[in-house]
Amino acid sequence: MGLEQFKNRNVGTQNYTKLDVGEKPANGFEQFKQVAERTFKGELFVGLYVTMREMINALFRGNMHTVKYPFEKMPISPRYRAIHDMLRLLESGHYRCIGCGLCEKICISNCITMNTRYDENQRKEVSEYTINFGRCIFCGYCAEVCPELAIVHGPRYETASEQRASFSLFEDMLTPIDQLNLQQEYDGFGAVSPNADANIKKTPLAY
Amino acid sequence: METTLVENLPHVTWVGVLIKAVIILAVISAIAGFGTFIERKVLAFMQRRLGPMHVGPYGLLQLAADGIKLFTKEDIVPQNANKFIFMIAPIITAATAFIALSAVPVFPDFTIPSWIPVLGGTFVPSIASELNIGILFVLGMMAAGLYGPLLAGMSQANKWGIIGAARTAVQFLSYEVVTGLSILAPIMLVGSLSFVDFNDYQADGVGSWLIWQQPVAFVLFLIAGFAETNRTPFDLLEHEAEIVSGYATEYSGMRWGMFFIGEYANMITVAIIASVVFLGGYSVEGIGWLTIILKVAFFFFLMLWVRASWPHIRPDQLMWLCWKVLMPIAVINIVITGLVMMV
Chain A
1 MGLEQFKNRN
11 VGTQNYTKLD
21 VGEKPANGFE
31 QFKQVAERTF
41 KGELFVGLYV
51 TMREMINALF
61 RGNMHTVKYP
71 FEKMPISPRY
81 RAIHDMLRLL
91 ESGHYRCIGC
101 GLCEKICISN
111 CITMNTRYDE
121 NQRKEVSEYT
131 INFGRCIFCG
141 YCAEVCPELA
151 IVHGPRYETA
161 SEQRASFSLF
171 EDMLTPIDQL
181 NLQQEYDGFG
191 AVSPNADANI
201 KKTPLAY
Chain B
1001 METTLVENLP
1011 HVTWVGVLIK
1021 AVIILAVISA
1031 IAGFGTFIER
1041 KVLAFMQRRL
1051 GPMHVGPYGL
1061 LQLAADGIKL
1071 FTKEDIVPQN
1081 ANKFIFMIAP
1091 IITAATAFIA
1101 LSAVPVFPDF
1111 TIPSWIPVLG
1121 GTFVPSIASE
1131 LNIGILFVLG
1141 MMAAGLYGPL
1151 LAGMSQANKW
1161 GIIGAARTAV
1171 QFLSYEVVTG
1181 LSILAPIMLV
1191 GSLSFVDFND
1201 YQADGVGSWL
1211 IWQQPVAFVL
1221 FLIAGFAETN
1231 RTPFDLLEHE
1241 AEIVSGYATE
1251 YSGMRWGMFF
1261 IGEYANMITV
1271 AIIASVVFLG
1281 GYSVEGIGWL
1291 TIILKVAFFF
1301 FLMLWVRASW
1311 PHIRPDQLMW
1321 LCWKVLMPIA
1331 VINIVITGLV
1341 MMV
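In order, the protein sequences belong to chains A and B. Each residue of the first sequence is one higher than the one before, counting from 1 in my numbering. Each residue of the second sequence is one higher than the one before, counting from 1001 in my numbering.
Just chain A, with the same shape it has in the complex (with noise of 0.2 Å):
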């Protein structure tokens, strides 16, 4: 099927087929025709038949819809903005963060905070990196302004907490160390999600 007639706004001029919602019954022999007729129809039966059908589907085809939440999660969009994590080098296991401090300056909450000094090297080094989650509007632009891809926004959604200010520090945000095989890259801006194939769908219109 082609995407010509999906293109077409042109309302006028579509094929709109018109619904035969047939006369309003005059008399008293039209209203009993009309009962007998939605009577003997069986319209009745193909609601039962479709609730069996989806029942059976459910049931031995897997299309249950249900997830059960705590134990099973759908995969969320990698725009998704949850808690930040904080990223290591591959190849060293470094983390990536080089203490530029843009992240902080950016934060238009002002829920990030760190302190860098020069270490042994005279290379930058992060002392202090604390994100205060209860002032956090999870805007995204620390990771969006971030040079070294070293802060992005990870799948934790779940940020419930007991406190209103819960603070996130440094090396809770960094990625374990022997967990780096498991580090998920930051696929970006404009990401699709993980399971986009799946959630494609025809739009109403070309029902």
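To be clear, the hints were calculated from the coordinates, so they are not data collected in a lab. Do not take every clue at face value.
To be verified - To list a few chain A residues with every Cβ distance to chain B over 12 Å, as calculated:
(1) Gly47
(2) Ile106
(3) Arg135
Claimed, not checked - Going by beta-carbon spacing under 8 Å, a handful of chain B positions derived as facing chain A:
(4) Phe1045
(5) Met1046
(6) Arg1048
(7) Arg1049
(8) Trp1209
(9) Trp1305
(10) Ala1308
(11) Ser1309
(12) Ile1313
Stated by the list, open to error - Below, simulated DSS-like cross-link-like pairs (lysine-lysine); rule was C-alpha separation at most 30 Å, straight line:
(13) B/Lys1041 x A/Lys73
(14) A/Lys24 x B/Lys1295
(15) A/Lys41 x B/Lys1295
Glycine included, every Cβ here is placed at the ideal spot set by N, Cα and C.
Fit chain B to the given chain A structure using the hints.
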């Protein structure tokens, strides 16, 4: 069918009747509770959901959790309610549902083995009270059961309850005529009001079932049975989308639970009547008693299936259906049956 004749049965003592009553009460309450679980599961599957899953394997213990919740909930009586009637109304529903079951053959009869100390040798009949007007009694009791919703709705000083009670009256006046007239034609054919006679009449296999002789009466009785048990196409009494919860709006805890148990017991009763009167009932040879359980299970499932599939109708549509469509058909059915019997 020799064994079901009264002369051939062992003497029925009051102890046996009492045991039977306790069995009916315990088993049907349990089945009614389990029915809520089945209903939630079936409705969930038909909507491609899983239903209750977390309490016990596949949510089987959800029933126990619900029971604990209902028993421990606060029993609230509204301030302006007529307290006595408000408190007694759920009991009417539950009690009449179980009284109706006393004249229905529920399980096969058996004798308690003699090694059991006190009750040994007691004969427990399949029907707690073998009446020769069984059908009339059961239908009358189920009709009396509607006093529960009626009194509950009127006593609770709540406008939704009043509407629910008014709809109860409307529904009662509509379906009761159809129930009686639709079952009259099979009664004419059999010539008895006893369930046992109905069962014996259809004892010669599937071909002798009354549904083949009375298909119209079967459909009419099924429709009226749905109305009688407040099942979905005729679920006017507590239609959530329109009148909050109808007659049950102000009820909580176990009083509300009794309405529920009564409704499910009524579903089982209607299923048993439909099975015995139209689908051949049970037979005592071998595992023949299992067939009635299968038939009852089918009717129970049909009620859930219909609930998942069909929309509600309005009260005026129910009255129109019952008085202008079903009752004339039932009368014509009776006339034709009478003519055929005479010729």
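Next item on the list: Please flag the earlier hints that this structure goes against, numbers listed from lowest up.
Entry: 1, 8, 12 and 14
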